[in-house]
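Enquirer: As a plain string of letters, each chain reads:
Number of protein chains: 2
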Amino acid sequence: MGEVIGMTDLDTLPEILLMGPGPSAVPPQIYHALSRPTLGHLDPVFLTIMDEIKENLGTIYKAPAGSLTIPLSGTGSSGMEAAFANLVEPGDKVLVLINGVFGMRMQDVATRLRAEVDTLEFEWGTPVIPAEVKKKLANSNYDIVAVVHAETSTGVANPVAEISALLDELPERPLYLVDCVTSFGGMEVDLKKWQVDAAYSGTQKCLSCPPGLSPFALSPKAVQRLKNRKTKVPNWYLDVTMLVNYWEAGGGGARVYHHTAPINMLYGLHTALRLVLEEGLEKTFARHREAHSQLVSGLAGIGLEMFVDESCRLPMLNSVKVPDGVDEAKVRKSLREEFQIEIGPGLGPLAGKIWRIGLMGYTARPENVERVLSALQKSIEKA
Amino acid sequence: MGEVIGMTDLDTLPEILLMGPGPSAVPPQIYHALSRPTLGHLDPVFLTIMDEIKENLGTIYKAPAGSLTIPLSGTGSSGMEAAFANLVEPGDKVLVLINGVFGMRMQDVATRLRAEVDTLEFEWGTPVIPAEVKKKLANSNYDIVAVVHAETSTGVANPVAEISALLDELPERPLYLVDCVTSFGGMEVDLKKWQVDAAYSGTQKCLSCPPGLSPFALSPKAVQRLKNRKTKVPNWYLDVTMLVNYWEAGGGGARVYHHTAPINMLYGLHTALRLVLEEGLEKTFARHREAHSQLVSGLAGIGLEMFVDESCRLPMLNSVKVPDGVDEAKVRKSLREEFQIEIGPGLGPLAGKIWRIGLMGYTARPENVERVLSALQKSIEKA
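Listed in order, the protein sequences are those of chains L and C. Residue numbering for the first sequence is 1 to 383, as defined by my numbering. Residue numbering for the second sequence is 1001 to 1383, as defined by my numbering.
Just so you know, the hints here were simulated from the structure itself, not pulled from any lab data. These numbers come from a predicted model, not from an experiment. Heads up, the beta-carbon is just placed ideally off N, CA and C, and yes, glycines get one too. Some hints could be false.
Straight-line alpha carbon distances no greater than 27 Å define the calculated BS3-like cross-link-like pairs of lysine-lysine that follow [what the hints assert, rightly or not]:
id, chain 1, residue 1, chain 2, residue 2
1, L, Lys333, C, Lys1054
2, C, Lys1232, L, Lys93
3, C, Lys1353, C, Lys1330
4, C, Lys1330, C, Lys1283
5, L, Lys93, C, Lys1193
6, C, Lys1283, C, Lys1333
7, C, Lys1230, L, Lys232
8, L, Lys232, C, Lys1093
9, C, Lys1353, L, Lys230
10, L, Lys192, L, Lys227
11, L, Lys192, L, Lys93
12, L, Lys230, C, Lys1232
13, L, Lys232, C, Lys1232
14, C, Lys1193, C, Lys1093
15, C, Lys1227, C, Lys1054
16, C, Lys1330, C, Lys1378
Quick list of the computed label-pair ranges, beta carbon to beta carbon [said to hold, decoys possible]:
id, chain 1, residue 1, chain 2, residue 2, range
17, C, Gln1340, L, Glu248, 38 to 44 Å
18, L, Glu337, C, Ala1165, 51 to 57 Å
19, C, Thr1126, L, Asp9, 44 to 50 Å
20, L, Ser374, C, Ala1254, 54 to 60 Å
21, C, Lys1283, L, Arg289, 52 to 58 Å
22, L, Asp324, C, Asp1051, 34 to 40 Å
23, C, Glu1278, L, Asp51, 35 to 41 Å
24, C, Arg1255, L, Ala165, 38 to 44 Å
25, C, Arg1114, L, Asp51, 33 to 39 Å
26, L, Glu337, C, Ala1065, 46 to 52 Å
27, L, Gly325, C, Lys1283, 41 to 47 Å
Residues on chain C that point at chain L, a partial pick, calculated with CB under 7 Å [claimed, not checked]:
id, residue
28, Leu1034
29, Glu1052
30, Pro1210
31, Pro1211
32, Asn1228
33, Lys1232
34, Asn1264
35, Ala1383
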């Protein structure tokens, strides 16, 4: 009856160790959670699960009281879209600090939303330099300053605390928008201490959940800004003024349907947040740092160099220089086909020049580091 | 170490028979698919799965050659957002035909995107009347005409073929945008025959997959319109001009990363499409009609009336009048708590007046109809 084209049997999928820039390895508890019985999006038991997710997102974000912490029904990039779409009004002045793909993406997103976008660019593989930012800030009164905490395309950690301190020196503090896609759950993120007004992440990085949701946060100040908008948010799907009526009981105590929440993905996120909090934030972050140290010394042992200076290296995203004369794609192919390991290539100007090795969440374990080091050595020898 | 607030144990979730307006009951094969090993979003095996999804979406949509059929990384509402965001340029004239919540949502979405939106409204619970549309079309030259095929808020099927025929009579045929959220996979949807230019659905209706993705389609004409845009799509996340470079190999034969696709949800959709095609479209649709007939006669047998006239009733969404003097919420609460069945309430002006009983996908089976009829009778007697 049906015309079914040759279909891949999902029971024969290979088990690949995910050591690229995300998705990361998924623990069995999360796979299990994804397949729990679907409930209605207004079911009382599901509403409790939603409340627990909000609470735990706030804890991991270290969000101040009065913040809004909810998962958005899209991947990490939908978080970026939502942060700008909700906070930018046409003509608003936005400064984007750029040192990689995701800073560039911010510029594109904000421009489409009719912000007046100014940028300050730094060499890829190096961090944003606060002294340069300070000079730039003196020139204009920005409504929003935006930066990527952990630049997934290069492996650089940007000095988000230092940038925040610069904003305090201005006559009026702009909204501070920080991309936490790759940092959230794997290193310190402290929205309160850094006075961050809008942050977002993805589930497929240090939370080790499959991709599909974006943990999102707005400060009380951002929530107020949103309430005072002169124009409607130009994106119905990601309009936080409406999402909040579903995620939080309104005046009448009832939740208002906006769109049907991705129930089973939210089970996965619920479990991921529990696993991080059960391990404890400090222990989780230490595990990421230890896996990183192990990787860095192992790489040195096989003659490979890191791309990023030690002073600003991310623990969970490690950029490694491709040795001269080595075909980087051939090495990745060998890793994938002979060793069942995925690592990432360089993007844009770094294509062909670096590999990106992810140590995110469940991936950040000593046995995985051993495995990738051994496989990498063998694959390079053959390439 | 961690501060974990009281967390719901997902292993104790109740098994609720989902007979509301969506999500629908999920078959075991799809739960299983969701928990298969996560692959990278550029893994060769995953790329094959993506191709199969595109192909099978095209088959179920009956999309003409040259169409684009891809799942979007958001729920059904993201499909609506994407359809308008990609096809509307500021000042474009859009006619929205409204006879329920989702027509109203279209108006809101298109207005935020700076379309010049005109509407034609019909009483909720009745269909769009082609003769009225014809008069309206004579007044203006619209760029886009939009209608909801299966209005989930009322249970009405709109005459999408007749409306399409009216568009052919115009000097220049506008783009025809049809919301197929609740119809796709449960009744005939024929994008080719109806000359539909943009369509979208959700996974949690007749595909019986958990919510989280939107099966989306553009006709060759819509793809061309998109390519000829004067302005960038004002939504980076849902910009189909970029998504297509990930979903289809470009000139160089390589896929370009846009955002990390929701891998495991796509396993679920892949399985859902296979199940529909294995059963066969005609058989699937017949099963929905049969469950509907069984429900309608059963409801009559217990003295309940349908809200929508027989001539335009949807098979998969059944609006039932709440008898005078019955507290509709109390009945739903009894169904949920004593019989583990979810049905939906009325929305907006229909709140308190109707129940909405879904017979979508895996829910549309005789035993479920029996179960809801028996439980409904008992719950009403007690209420």
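Enquirer: Any of the earlier hints contradicted here, and which numbers?
Expert: 4, 5, 6, 9, 17, 20, 26, 27, 32, 35
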